[in-house]
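*Asks:* So the chains spell out like this:
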Amino acid sequence: MEKVVFKRPKYMKKAPFHYCPGCGHSIIHRLMAEVIEELGIGEKTIGVPPAGCAVLAYDYFDIDMGEAPHGRGAALATGVKRILPDRIVFSYQGDGDIAAIGTAETIHAANRGENITVIFVNNSCYGMTGGQMAPTTLLGQNSTTTPGGRDKDRDGAPIDLSEMLAITRGAVYIERTAVNSIKNIRKTKKAITKAFKVQMAGLGFSLIEILSPCPTNWKMSPVDACKWIDEDVMQTFPLKVIKDETG
Amino acid sequence: MDKKLLMRGSQVIGETAIRAGCRFYAGYPITPQNELPEFMSGAMADLEDGTFIQAESELAAINMVLGASMAGARAMTSSSSPGISLKQEGISFLAASELPAVIVNTMRGGPGLGNIAPSQGDYFQATRGGGHGDYRTIVLAPAHGQELADLTEKAFEYADRYRTPVMILADGMMGQMMEPVVLPDPINLAELPPKPWVLDGADGRPGRLIKSLILNTMEMEEHNWKLARKYEIISREIAAAETYMTEDARFVVIAYGTAARIAKGGIKRAREMGLKVGLLRPVTLYPFPERVIREMSRSVKDFLVFEMNTGQMLDDVKLSLEGRSTVHFYGRPGGVVSTPDEIAKVISSLYYRQHLEED
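Line by line, the protein sequences are chains A and B. Going by the working numbering, 210 is the number at position 210 of the first sequence; the sequence numbering is gapless. Going by the working numbering, 223 is the number at position 223 of the second sequence; the sequence numbering is gapless.
Please note: incorrect hints may appear among the correct ones.
With a straight-line Cα cutoff of 25 Å, these simulated PhoX-like cross-link-like pairs (lysine-lysine) come out [said to hold, decoys possible]:
| no. | chain 1 | residue 1 | chain 2 | residue 2 |
| --- | --- | --- | --- | --- |
| 1 | A | Lys183 | A | Lys227 |
| 2 | B | Lys195 | A | Lys44 |
| 3 | B | Lys345 | B | Lys318 |
| 4 | A | Lys44 | B | Lys211 |
| 5 | A | Lys44 | A | Lys189 |
| 6 | A | Lys13 | A | Lys189 |
| 7 | A | Lys44 | A | Lys14 |
| 8 | A | Lys7 | A | Lys189 |
| 9 | A | Lys14 | B | Lys211 |
| 10 | A | Lys3 | A | Lys13 |
| 11 | A | Lys190 | A | Lys240 |
| 12 | B | Lys211 | A | Lys10 |
| 13 | A | Lys13 | B | Lys211 |
| 14 | A | Lys187 | A | Lys227 |
| 15 | B | Lys301 | B | Lys345 |
Hints in this document: simulated from the structure, not taken from any laboratory.
Can you make the complete structure from the sequences, with help from the hints?
*Replies:* Okay, structure coming up:
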C-alpha cells in the first residue's frame with residue numbers, strides 16, 4: 001500500500017507557479033491553500049489578489065477570486081464581506097500595494113474592524129516592476145531607485161505598517177512571520193490559520209505580515225536571500241505577535 | 001403606487017435607488033451632494049440587508065462598490081466633480097471587469113476645486129469614459145424631479161443588463177430642488193435575473209474569477225472589441241431624447257439637464273413672440289441620440305447648443321449633424337445659471353440674424 005506523504009492541496013489548481021526560483025509567494029500560496037482546506041472553507045472563501053507579482057494568484061487558487069486595483073484590496077474586500085458576511089474574505093497584498101499606494105484603505109479597513117483577513121507579503125521591494133524602493137526597503141538596501149542604498153535623509157526610513165495597524169481599535173490579530181526556513185514556514189501556517197479563525201469567529205480585522213525572499217531583485221542566491229532575512233530584514237522587522245486581542 | 005410626493009432631488013435619487021434594490025452605498029462627503037449620502041445612511045440602516053459606509057476616500061468608496069458588485073449587490077456611490085475624478089480608476093476597472101454599478105455625479109463648477117454652483121463641466125469626462133483605457137460609461141441626464149426617479153430606476157436596470165457602470169449626471173440645482181414626484185414601486189430582489197458570474201464562494205461549482213488583467217495582447221484586443229460591440233448594442237437600444245415644440249420648428253435648441261429646463265422657459269417666451277422654436281433634450285448623453293438630431297436636420301437648418309460650460313456636448317451635436325445644419329453655441333460656465341429671459345434673447349437674436357422669420 002502506498003502512503004501519500006505530499007500532494008497538491010485541494011484548492012490549488014494543477015498549474016506550475018510562474019514565480020522566480022526562491023520566491024516566497026509559491027510557499028505562501030501553498031500554505032494558504034492547505035489552511036483553507038483544513039478549515040473546510042474552500043466553498044465559501046473569496047480571495048482578492050493585488051496588482052504586483054501575486055496578481056496571478058488567481059491562476060493557482062481554485063476558489064472565487066476578484067482582482068483589486070493597486071492598493072485597494074482592503075476596500076474591495078470590505079465591499080464583498082459586507083454583502084456576504086457569512087463568507088470568508090481575504091486580500092493578498094505586497095508591501096508596495098499595502099504600505100504605499102494602499103495605506104489609507106488598509107488603515108481604515110483595520111480601524112473599522114472589517115471582518116476580513118489580509119495577507120501582507122513583505123519582500124522589501126517592488127518585485128514585479130523590477131526592484132524599485134518599497135516603503136519597506138531597509139536602510140542601506142540597494143534598489144533600482146535608491147542608488148547607493150536607501151538613505152534615511154533622502155528616501156525616508158522603512159515603514160512599520162503592521163505596528164501602525166496594531167494601534168487601530170478595530171485590529172484584532174496581527175502577527176509578523178517569515179518563510180525563509182522550515183521552522184518559520186510552520187509558524188507562518190499557524191499564523192494564517194489563526195487569522196482565518198479570527199474571521200470565522202467574527203472577531204474583526206486580522207493581518208499576517210510575511211517576510212518573503214526576492215532573490216531576483218535582491219540579486220542573491222535563494223539560500224543567501226533566506227539568510228539575509230534572518231540577519232538583516234528581521235533587525236528592522238522582528239518576528240512577533242504584534243497584536244492579539246482574541247483573548 | 002401613484003402617490004405624488006414633494007421631495008428634494010437628492011432624496012428622490014436615494015429613495016428610488018433603495019426601491020430599485022440598491023443595498024450597498026459607499027461615499028465620501030463633498031458639496032453639493034451631501035444630502036444623498038446623508039439620506040442613504042438612514043435608509044440603509046432601516047433595511048435589514050442594507051450597507052452604508054462612509055469611506056475614507058473617493059477611491060475607497062468606488063472600490064468598495066467594486067467589491068459589493070462582485071458579490072452580487074446592486075451598489076451605488078455618489079460624488080461631485082472633483083470626487084468623480086478620483087473615482088475614475090474604479091470606474092475603469094468596473095467597465096473592464098464588466099461589473100454593474102451606479103455612480104451619481106452632482107456636477108459643480110470647475111476645473112480644480114472650482115466652486116459648488118451647478119455646472120455641466122464634466123460632460124467630456126462622463127461621456128468619453130473618464131478613466132484610462134478604451135471604454136464608455138452609460139450616462140443618463142435627468143432634467144427634473146420625476147426624471148431623477150425614472151432614470152435612477154433605469155440606471156440600475158441598465159447596469160445589470162449590460163454589466164457596465166452607469167452614471168447619473170445631475171447638478172447642484174437638481175439635487176437641492178423640491179418637486180412633486182411619483183416614485184416607482186419597490187422591486188422584489190428575488191425576482192431579478194440571476195447573475196451567474198457573482199463571487200459568492202465556489203460551492204458545488206468551479207472557482208470563478210473577475211479580473212481586468214489580460215496580458216496576452218490578442219486576448220486583450222478581443223476583450224476591447226467585445227466591449228465595443230456591447231457599446232454598439234447599448235447605442236441601438238437605449239439612446240433617448242425628448243422633443244418639445246419641434247413639429248413646426250425652424251430653430252431648435254439642444255440642451256440637457258438643468259440647461260434644458262432653462263431653455264424650455266426661453267423657448268416658451270420665444271413662442272409668445274411668434275418664433276418657431278423647439279427643444280431637443282438628450283436624455284442619454286452616452287449613447288448620444290445622434291439619429292434623432294440627424295433626422296431633425298432635414299427640416300431644421302439652425303441649431304443652438306446651450307450648455308453650462310464652454311462647449312462640450314457641442315462636439316457631439318456637430319458629429320451627429322455631419323455638417324448638415326448650422327450649429328450655434330451659447331454657454332455659461334463657472335456655475336452661472338442663466339434665466340429663461342436670457343435664453344429667449346439669445347434665441348431671438350439668432351433667429352432674426354438667420355432671417356428665419358422670412359418664409
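*Asks:* A separate judgement is required for each hint: does it hold in the structure or not?
*Replies:* Now for the hints, and whether the structure bears them out:
no.: 1; hint: A:Lys183 / A:Lys227; verdict: holds, 14 Å
no.: 2; hint: B:Lys195 / A:Lys44; verdict: holds, 17 Å
no.: 3; hint: B:Lys345 / B:Lys318; verdict: holds, 23 Å
no.: 4; hint: A:Lys44 / B:Lys211; verdict: holds, 19 Å
no.: 5; hint: A:Lys44 / A:Lys189; verdict: holds, 20 Å
no.: 6; hint: A:Lys13 / A:Lys189; verdict: holds, 19 Å
no.: 7; hint: A:Lys44 / A:Lys14; verdict: holds, 20 Å
no.: 8; hint: A:Lys7 / A:Lys189; verdict: holds, 17 Å
no.: 9; hint: A:Lys14 / B:Lys211; verdict: holds, 20 Å
no.: 10; hint: A:Lys3 / A:Lys13; verdict: holds, 22 Å
no.: 11; hint: A:Lys190 / A:Lys240; verdict: holds, 13 Å
no.: 12; hint: B:Lys211 / A:Lys10; verdict: holds, 23 Å
no.: 13; hint: A:Lys13 / B:Lys211; verdict: holds, 17 Å
no.: 14; hint: A:Lys187 / A:Lys227; verdict: holds, 17 Å
no.: 15; hint: B:Lys301 / B:Lys345; verdict: holds, 19 Å
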